[in-house]
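Number of protein chains: 4
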Amino acid sequence: MSTFGTLFRVTTYGESHCASVGCIIDGVPPGLKLTAADIQVQLSRRRPGQSDLTTPRNEKDLVLIQSGIERDYTLGTPIGLLVKNEDQRPHDYTETDLYPRPSHADYTYLTKYGIKASSGGGRSSARETIGRVAAGAIADMYLKQIHGIEIVAFVSSVGKISVPSTTISSTEEDEDHVDDVLNPEYIELLSTVTREKVDEDVTRCPHAGTREAMRARIIRAKEASDSIGGTVTCVIRGLPAGLGEPVFDKFHAKLAHAMLSIPATKAFEIGSGFSGTQVPGSRHNDPFVLKENGGLTTSTNWSGGVQGGITNGEDVYFKVGFKSPATISRPQETAQYDGTPGTLAARGRHDPCVVPRAVPIVESMAALVVMDQLMIQNARRATAAPLPPITSLPPTMVLPPGNK
Amino acid sequence: MSTFGTLFRVTTYGESHCASVGCIIDGVPPGLKLTAADIQVQLSRRRPGQSDLTTPRNEKDLVLIQSGIERDYTLGTPIGLLVKNEDQRPHDYTETDLYPRPSHADYTYLTKYGIKASSGGGRSSARETIGRVAAGAIADMYLKQIHGIEIVAFVSSVGKISVPSTTISSTEEDEDHVDDVLNPEYIELLSTVTREKVDEDVTRCPHAGTREAMRARIIRAKEASDSIGGTVTCVIRGLPAGLGEPVFDKFHAKLAHAMLSIPATKAFEIGSGFSGTQVPGSRHNDPFVLKENGGLTTSTNWSGGVQGGITNGEDVYFKVGFKSPATISRPQETAQYDGTPGTLAARGRHDPCVVPRAVPIVESMAALVVMDQLMIQNARRATAAPLPPITSLPPTMVLPPGNK
Amino acid sequence: MSTFGTLFRVTTYGESHCASVGCIIDGVPPGLKLTAADIQVQLSRRRPGQSDLTTPRNEKDLVLIQSGIERDYTLGTPIGLLVKNEDQRPHDYTETDLYPRPSHADYTYLTKYGIKASSGGGRSSARETIGRVAAGAIADMYLKQIHGIEIVAFVSSVGKISVPSTTISSTEEDEDHVDDVLNPEYIELLSTVTREKVDEDVTRCPHAGTREAMRARIIRAKEASDSIGGTVTCVIRGLPAGLGEPVFDKFHAKLAHAMLSIPATKAFEIGSGFSGTQVPGSRHNDPFVLKENGGLTTSTNWSGGVQGGITNGEDVYFKVGFKSPATISRPQETAQYDGTPGTLAARGRHDPCVVPRAVPIVESMAALVVMDQLMIQNARRATAAPLPPITSLPPTMVLPPGNK
Amino acid sequence: MSTFGTLFRVTTYGESHCASVGCIIDGVPPGLKLTAADIQVQLSRRRPGQSDLTTPRNEKDLVLIQSGIERDYTLGTPIGLLVKNEDQRPHDYTETDLYPRPSHADYTYLTKYGIKASSGGGRSSARETIGRVAAGAIADMYLKQIHGIEIVAFVSSVGKISVPSTTISSTEEDEDHVDDVLNPEYIELLSTVTREKVDEDVTRCPHAGTREAMRARIIRAKEASDSIGGTVTCVIRGLPAGLGEPVFDKFHAKLAHAMLSIPATKAFEIGSGFSGTQVPGSRHNDPFVLKENGGLTTSTNWSGGVQGGITNGEDVYFKVGFKSPATISRPQETAQYDGTPGTLAARGRHDPCVVPRAVPIVESMAALVVMDQLMIQNARRATAAPLPPITSLPPTMVLPPGNK
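Protein chains in written order, with this note's numbering: chain A, 396 to 799; chain B, 396 to 799; chain C, 396 to 799; chain D, 396 to 799.
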């Protein structure tokens with residue numbers, strides 16, 4: 396359905412050519428200072444037309460807040476907001492419409508609903524993500540201002556051009572010689588990257604040695620009237636330990652759910668991910684060490700900040716795979732709805748690569764997951780807090796009161 | 396929380412040393428012929444002690460049905476079931492308990508709840524999956540008997556030993572010469588593999604050329620008192636088109652959520668997954684062709700049966716990454732709960748590799764997702780079915796009545 | 396929270412002085428012919444200023460559809476809609492604001508959120524119901540057009556003026572002489588009343604012998620700068636048997652939940668309700684008789700169409716109690732937020748009695764419950780339909796196939 | 396479905412003649428001291444055979460805890476528990492089974508599911524409530540021990556025999572002479588009644604002047620092989636202000652949902668309820684006065700502790716109507732499943748009146764609602780707590796920090 400979250404919850408509406416797209420955000424903490432401008436920042440990072448790498452449409456995407464805020468403070472009641480669609484007319488019928496676009500949602504929407512919007516894939520439109528980004532921007536602002544939680548995403552690969560991450564060699568024989576599961580430079584990048592750094596380049600790749608090749612790869616796709624996929628990596632720093640709900644709503648399970656609900660996504664991995672499956676436990680396990688302030692930390696973080704589905708206080712990092720956009724203007728041999736074979740060349744201009752624009756969407760969905768899990772854990776802690784301390788159990792079964 | 400699903404819903408309980416583990420399954424279709432033996436099949440595939448590759452514990456794991464079935468027919472009411480724990484005493488306290496096991500859930504459970512089971516990671520125990528497998532077995536049986544939907548999972552890699560799947564070369568220059576996104580043999584394997592074939596070998600890898608090396612790799616981990624990870628690939632054949640709920644509950648988003656709720660999972664990809672992000676849209680798109688019986692099919696299936704988050708009627712296939720088990724008997728340098736450094740060597744025998752046993756768990760979670768999505772789509776179709784046919788819209792906006 | 400429903404789901408936003416109030420309706424059957432005018436009908440019945448019995452404000456309440464509909468057909472995607480607030484400025488601060496209005500939501504909203512809208516009770520505003528009425532209008536239209544389900548509410552009492560319903564005498568000794576649990580004329584009214592009939596009089600009471608007294612009672616309250624409560628009775632005719640989900644989501648439990656979520660409600664009863672608790676089972680039970688077309692019906696319907704929480708195909712009727720409106724312009728001795736005693740006289744004009752305007756709100760909430768339960772039962776039936784017939788059970792355990 | 400609650404959540408299973416009935420309770424605060432005996436107290440109050448007023452079956456109803464507790468402390472993980480059914484054989488088929496019992500759930504279950512348990516109404520069995528009572532007992536214990544919240548229910552009427560509550564006269568003319576909306580003695584009873592007091596008499600009516608007549612009424616029903624209904628009133632004392640979620644999950648809406656999910660319920664009212672609808676606002680409104688400790692309280696409490704759907708810190712009291720039990724051994728003229736008319740006389744012994752046994756069930760459902768709403772409000776407060784204080788808004792818009 397179109398609702399995401401338990402206590403911090405967003406419900407979205409809208410498709411390409413209707414009057415507006417928007418959302419209702421329920422569960423926003425009351426008393427938070429919030430203006431449209433706070434939301435607009437991420438919306439503007441999301442919108443097309445920001446560089447020669449994206450589609451030339453330049454929609455303004457101005458957010459209009461409808462409710463839930465008075466004199467710049469949230470009331471705790473639902474925030475309704477919307478962004479008007481520039482082109483609100485139903486799509487004009489042309490010969491192109493005879494074809495379901497290959498690997499797009501035209502066919503599946505028609506099959507699912509028995510009817511589809513004239514513009515095709517309905518809610519699979521990238522414009523649907525406006526509501527998520529707006530909701531995520533609110534969560535993100537709260538998390539950063541109040542808890543110092545930083546969520547930063549960036550483009551980690553375009554086609555075969557990738558920020559170097561793994562040090563795992565491709566041969567079985569090398570197994571015993573690996574020192575690190577992932578590249579130390581990559582880990583360093585994760586711990587320092589900022590949104591400002593990411594936005595310095597239109598590719599939204601903060602790795603100097605890679606972004607030029609990425610840019611060239613996207614331009615090559617564009618010139619070929621083709622498209623290319625890529626990956627977005629995201630790091631969440633400053634998370635408290637204890638988030639994530641056993642057993643079905645593990646922290647990374649909710650993250651994966653959130654990420655794969657973004658259009659064009661096909662893959663997700665947390666921590667060392669697929670590469671880590673190749674590394675023996677003795678080297679993949681993250682040993683504990685004493686923190687300076689007294690608690691425990693881990694000396695490595697191949698787990699990506701999540702163990703047993705619960706955050707352990709280390710950085711959470713994950714990668715999301717986006718397929719090459721389905722809509723290309725290069726002619727494709729395919730079939731019409733009735734099966735007649737033919738050649739389809741999509742009209743108009745299209746994003747040859749979505750990953751730069753996907754960066755704020757990934758951040759927003761991450762913020763929604765963190766905010767919701769934080770509120771659920773807050774409920775548990777606040778409910779358990781007044782219980783008397785336990786003195787009769789073995790010490791390793793009970794957290795010392797100071798750590799609560 | 397411990398509940399999964401909207402209309403077909405499982406709620407589980409239990410940890411390692413309590414009286415029993417079990418679940419309540421709500422939303423089972425009434426009038427389905429069902430006995431304990433039907434459920435036991437998958438439970439027995441899940442349990443340890445099946446080969447020299449797994450832990451030597453041999454729990455019987457006999458399912459005891461409590462409700463919801465009378466004279467071998469389901470009543471439509473919740474099915475309560477449980478499996479007794481053989482060892483129901485709280486864990487005895489030893490020096491080992493001073494250490495949170497690295498990369499296990501001991502530390503995170505303690506942090507989350509402020510208290511933990513003496514045995515450690517509480518609900519992160521593999522025994523928790525018994526409830527899911529039992530619930531999944533019921534869904535699986537319905538889907539297969541009534542709709543011919545086949546769900547088959549198998550081990551696709553152990554460490555660096557992998558069933559060959561991708562044909563994508565590692566250099567940018569080769570890009571224009573790739574014919575297939577994935578290996579044709581691999582695609583053939585997906586379309587033909589059966590559970591019987593998978594169970595022929597203790598590795599649960601159906602690929603003759605790979606399983607011996609896998610087996611050797613697991614034995615090497617075992618002999619080194621170490622562990623090794625791997626991947627499980629799963630294919631769902633015979634799915635109807637139209638499953639998956641836009642926008643947040645896309646079919647693959649729910650699959651990812653379900654899969655990453657399984658203990659030790661770190662990664663998920665559907666269709667061509669991360670590899671597919673490297674392939675231009677013109678080659679990655681799946682062209683439509685006329686089916687023999689009149690509808691549309693696609694000539695390739697790099698999408699993995701899901702487009703726009705909705706199934707298109709082609710095979711759904713996905714891969715799940717399992718990290719190397721955290722519990723190893725090889726000594727590890729780490730710290731105690733209070734930060735004191737020391738060496739931990741886990742007691743007892745442990746699975747050096749979980750992927751063979753994870754196969755029925757992956758199948759079961761897949762069955763839960765399919766069943767729930769099928770029921771939701773059934774609700775939509777049955778509600779829309781009596782509406783009068785639409786004659787006033789452009790033909791490409793409306794599915795011809797025969798296809799409903 | 397601000398979301399209601401499982402498969403047919405409405406989420407609302409908005410309070411008195413924000414930009415707009417509105418909602419997102421998810422789960423609307425695709426392919427339904429629907430225009431703004433279809434929704435406007437019920438919105439217009441809900442709005443104030445319709446007679447001298449209600450507040451003289453005359454807001455236009457024009458619905459603006461944002462999404463989910465194209466060329467007058469629903470797409471199956473969420474319908475976003477909104478109604479602009481005429482007065483969008485934050486409320487000006489006056490001395491009156493020093494007082495929480497007695498029995499209003501000013502105090503509880505402030506306590507709950509720590510902040511409240513300047514206009515007071517925030518989401519407890521009657522304007523919030525616009526979203527519900529709009530959503531209910533869509534459900535209502537589907538239910539009536541496609542299934543012939545009629546939902547009609549009417550005013551059954553104002554103050555002590557009540558449409559005669561019960562025949563139960565007030566003395567224990569009479570017990571054995573009662574022939575009917577409820578008045579036969581009342582039962583006849585329930586089975587024939589229409590919205591047209593209800594709207595003939597501004598009281599929205601269809602009972603000729605009562606409405607004049609009701610009208611006089613409301614006018615008396617108005618003239619006294621006071622207010623008066625009342626009840627709304629609603630009947631749902633044409634419901635299929637089998638709706639309602641055991642055990643927590645019984646049909647009448649969901650109805651009660653829906654009704655008591657309407658502002659100013661304090662009581663709910665279904666069928667013979669509280670009066671029925673006084674009647675022995677031998678007279679209160681509804682005996683079964685053969686229907687003309689072959690199935691079973693009941694010769695009486697004191698159950699109100701629900702038995703064991705599941706509809707039995709008879710008319711569902713229930714009554715909802717609305718307290719006297721809290722906002723009155725008559726001076727009240729009370730205290731300011733800081734406890735200072737004083738006299739509050741609310742400014743402006745207020746509804747002396749809300750029940751006439753509550754009629755379409757009750758109908759809409761009823762439609763939301765019926766639609767959601769219908770879709771859930773549709774899911775169950777469509778999922779169970781392809782199962783083979785059961786031949787091995789005692790005949791009274793299985794419904795004959797023809798009745799399915 | 397069979398699940399109730401958002402953060403504190405119970406899922407139940409089981410019917411009359413299956414192996415056991417039980418539940419899974421998720422969201423229990425970790426670190427709570429809890430033994431089976433704590434749960435057994437309410438289960439024993441619920442079970443039949445406690446007096447000559449109830450059915451003579453004497454099931455032991457011993458609770459068996461399966462999980463979630465170790466060494467008498469809750470782990471925060473789900474608590475699975477069950478109570479074995481004494482008679483686990485499917486019901487033997489007799490001529491009586493040809494008849495759907497009038498006003499029972501036999502017919503509706505068969506219609507809903509197409510199959511039913513041989514014993515009839517399946518999950519509508521009173522034994523299903525065991526799971527709820529067990530879950531409620533845990534919530535109740537936490538609420539009382541940690542927050543001093545007391546939940547006490549009692550029988551307030553049997554048939555026409557009622558604890559005097561209202562002072563509202565039956566004639567319109569008296570209107571201006573009423574001093575109190577409800578009887579002061581009744582309000583006093585609500586503020587002082589205890590479970591011990593309630594249990595002093597088998598009727599579970601704490602009002603000395605009424606209970607003898609109630610007892611006689613029940614015995615008269617029993618001797619007539621008939622049954623009689625009644626009401627249960629419940630008071631919740633010590634509730635914090637601020638519970639209840641606008642707009643659909645108002646505190647009393649959730650209470651009503653919970654109460655009407657109990658078998659045999661037909662009516663619910665909070666505060667002055669239906670009677671209060673007859674009283675003008677000027678007399679029904681609850682004026683604010685300064686509390687001794689500085690905050691606000693109300694000098695009357697006709698609202699029943701809920702205003703705008705949110706608790707205001709006053710006592711919550713509500714009444715639930717239970718119909719006369721449908722199963723009576725007195726012969727009834729009715730029809731068989733196939734429509735054949737005939738006479739049904741139910742076998743065995745049956746409760747002539749359920750309200751005494753319903754008392755702990757009402758308390759338990761109330762405890763479930765309070766606990767869940769408390770946890771949700773805890774989440775909100777704990778999330779908003781670290782926000783900086785607001786200084787720029789009019790003082791009546793913001794709660795002073797000390798009151799948070």
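Just so you know, not all the hints are guaranteed correct.
The list treats identical chains as one, so a pair stands whether inside a single copy or across any two.
Here are the computed lysine-lysine pairs in the DSSO-like style, where the Cα-Cα straight-line distance is at most 30 angstroms [stated by the list, open to error]:
| # | residue 1 | residue 2 |
| --- | --- | --- |
| 1 | K686 | K479 |
| 2 | K428 | K592 |
| 3 | K428 | K539 |
| 4 | K539 | K555 |
| 5 | K555 | K455 |
| 6 | K617 | K428 |
| 7 | K428 | K555 |
| 8 | K428 | K479 |
| 9 | K539 | K617 |
| 10 | K686 | K555 |
These are calculated hints, taken from the structure and not from any lab test.
Against the structure, the hints:
| no. | hint | result |
| --- | --- | --- |
| 1 | K686 - K479 | neither (50 angstroms within a copy, 41 angstroms between copies) |
| 2 | K428 - K592 | within (26 angstroms within a copy, 51 angstroms between copies) |
| 3 | K428 - K539 | within (13 angstroms within a copy, 37 angstroms between copies) |
| 4 | K539 - K555 | neither (33 angstroms within a copy, 40 angstroms between copies) |
| 5 | K555 - K455 | neither (33 angstroms within a copy, 49 angstroms between copies) |
| 6 | K617 - K428 | neither (42 angstroms within a copy, 41 angstroms between copies) |
| 7 | K428 - K555 | neither (43 angstroms within a copy, 48 angstroms between copies) |
| 8 | K428 - K479 | both (24 angstroms within a copy, 24 angstroms between copies) |
| 9 | K539 - K617 | neither (37 angstroms within a copy, 45 angstroms between copies) |
| 10 | K686 - K555 | neither (39 angstroms within a copy, 34 angstroms between copies) |
Figure legend: structure checked against the earlier numbered hints; hints not met, in rising order: 1, 4, 5, 6, 7, 9, 10.
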